[in-house]
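Sequence lines, in order, name chains A and B. So the first sequence is numbered by our numbering: it starts at 1 and just counts up by one. So the second sequence is numbered by our numbering: it starts at 1 and just counts up by one.
Certain hints may be false.
[Unchecked claim] Calculated from the model, a selection of chain A residues having no Cβ within reach of chain B, i.e. all distances over 12 Å:
id	residue
1	L11
2	Q14
3	R17
4	I20
5	T26
6	M29
7	E42
8	D55
9	F65
10	N67
11	K71
12	S74
13	Q81
14	G83
15	S85
16	A109
[As the list claims (entries may be wrong)] Ranges between beta-carbon positions, derived for each pair:
id	chain 1	residue 1	chain 2	residue 2	range
17	A	E42	B	L84	20 to 28 Å
18	B	L84	A	M29	34 to 42 Å
19	B	L84	A	S69	43 to 51 Å
20	A	K94	B	Q17	14 to 22 Å
21	B	E83	A	S69	24 to 32 Å
22	A	A41	B	K62	28 to 36 Å
23	B	R64	A	I18	42 to 50 Å
24	B	D56	A	K56	37 to 45 Å
25	A	K94	B	N38	19 to 27 Å
26	B	E14	A	K68	47 to 55 Å
27	B	L39	A	H72	21 to 29 Å
Hint data in this document are derived by calculation from the structure and do not stem from the laboratory. We treat Cβ as the ideally placed atom computed from N, Cα and C, and that holds for glycine.
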Amino acid sequence: DQQVKQNSPSLSVQEGRISILNCDYTNSMFDYFLWYKKYPAEGPTFLISISSIKDKNEDGRFTVFLNKSAKHLSLHIVPSQPGDSAVYFCAAGKSSGDKLTFGTGTRLAVRP
Amino acid sequence: EAGVVQSPRYKIIEKKQPVAFWCNPISGHNTLYWYRQNLGQGPELLIRYENEEAVDDSQLPKDRFSAERLKGVDSTLKIQPAELGDSAVYLCASKGNTEAFFGQGTRLTVV
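Construct the complete structure from the given sequences, taking the supplied hints into account.
Structure (structure tokens):
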């Protein structure tokens with residue numbers, strides 16, 4: 001039972017354009033959502049998070065949008081840079097400190 | 001500030017052999033997690049500690065896996081005996097008041 005789904009295994013975007021990564025979840029008890037970025041041979045690195053009381057959180061070039069009614073969140077990267085090329089994981093939890101349930105990841109390639 | 005430190009980075013063992021992984025979390029982080037990541041998948045929780053107490057080990061295959069976090073700081077994860085299907089990246093993470101921080105992981109190959 002995949003409670004967090006990232007249906008696009010890969011995405012290719014031109015440098016300078018917007019990257020949009022999507023994530024869907026099924027468990028309505030999740031109230032905390034995060035995006036992690038992973039480079040090869042490294043552990044996941046925290047990127048940005050959002051709690052269920054918000055619908056948007058922005059940090060520089062990264063913005064996460066949450067649509068609770070649709071159980072959907074997305075990560076926008078604008079403008080995209082070649083250094084953003086990595087695997088992006090969506091994760092969800094039920095409460096602060098609880099375990100995180102991860103999606104299967106989306107590999108982003110930003111073309112120069 | 002030092003991040004989460006894991007060792008070894010890579011390990012190759014024959015099936016039926018034991019193996020152990022070590023994790024040093026970020027100083028002051030009470031919550032420690034062990035995750036396993038199979039190829040092409042996201043990390044999956046094996047066990048979560050709050051200080052020295054294992055508060056969620058429901059996903060830990062207890063017939064062959066064991067973990068400990070003595071004194072609520074460092075942690076070790078052990079597999080005995082290892083099976084071919086245990087080949088994966090084993091990730092340790094720690095959490096204070098905000099998000100979880102991950103180590104670089106240990107890539108285990110069982111041959």
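Non-interface claim for Q81/A: all C-beta distances to chain B beyond 12 Å? Consistent with the label, Q81/A stays out of reach of chain B, its closest Cβ about 22 Å off (over 12 Å).
Is the claim that A109/A lies outside the interface with chain B correct, judged by CB distances over 12 Å? Given a closest Cβ separation of 16 Å, the condition holds.
Exclusion check [S74/A not at the chain B interface, CB over 12 Å]: 17 Å, holds
Measuring from beta carbon to beta carbon, are L84/B and S69/A in 43 to 51 Å? At 44 Å between Cβs, range holds.
Can we trust that K71/A is non-interface, i.e. its beta-carbon lies farther than 12 Å from all of chain B? Check passes; 17 Å lies beyond 12 Å.
Starting from the hint 42 to 50 Å, judge whether the C-beta atoms of R64/B and I18/A obey it. 46 Å, holds
Is the gap between the beta carbons of K94/A and N38/B within 19 to 27 Å? 23 Å, holds
Does L11/A clear chain B by more than 12 Å, comparing its Cβ with all Cβ atoms of that chain? 16 Å, holds
Compute the least Cβ-Cβ separation between Q14/A and chain B, then decide whether it is above 12 Å. 26 Å, holds
Find the nearest Cβ of chain B to the Cβ of G83/A and say whether that gap is larger than 12 Å. Non-interface label stands for G83/A: nearest chain B Cβ at 19 Å, farther than 12 Å.
Has the hinted range 47 to 55 Å been met by the Cβ atoms of E14/B and K68/A? 49 Å, holds
So F65/A supposedly isn't at the interface. Is its beta-carbon more than 12 Å from every beta-carbon in chain B? Holds, because the least Cβ-Cβ distance between F65/A and chain B comes to about 18 Å, which exceeds 12 Å.
When the structure is compared with the earlier hints, violations turn up for hints 7, 20, 21 and 24 and for no others.
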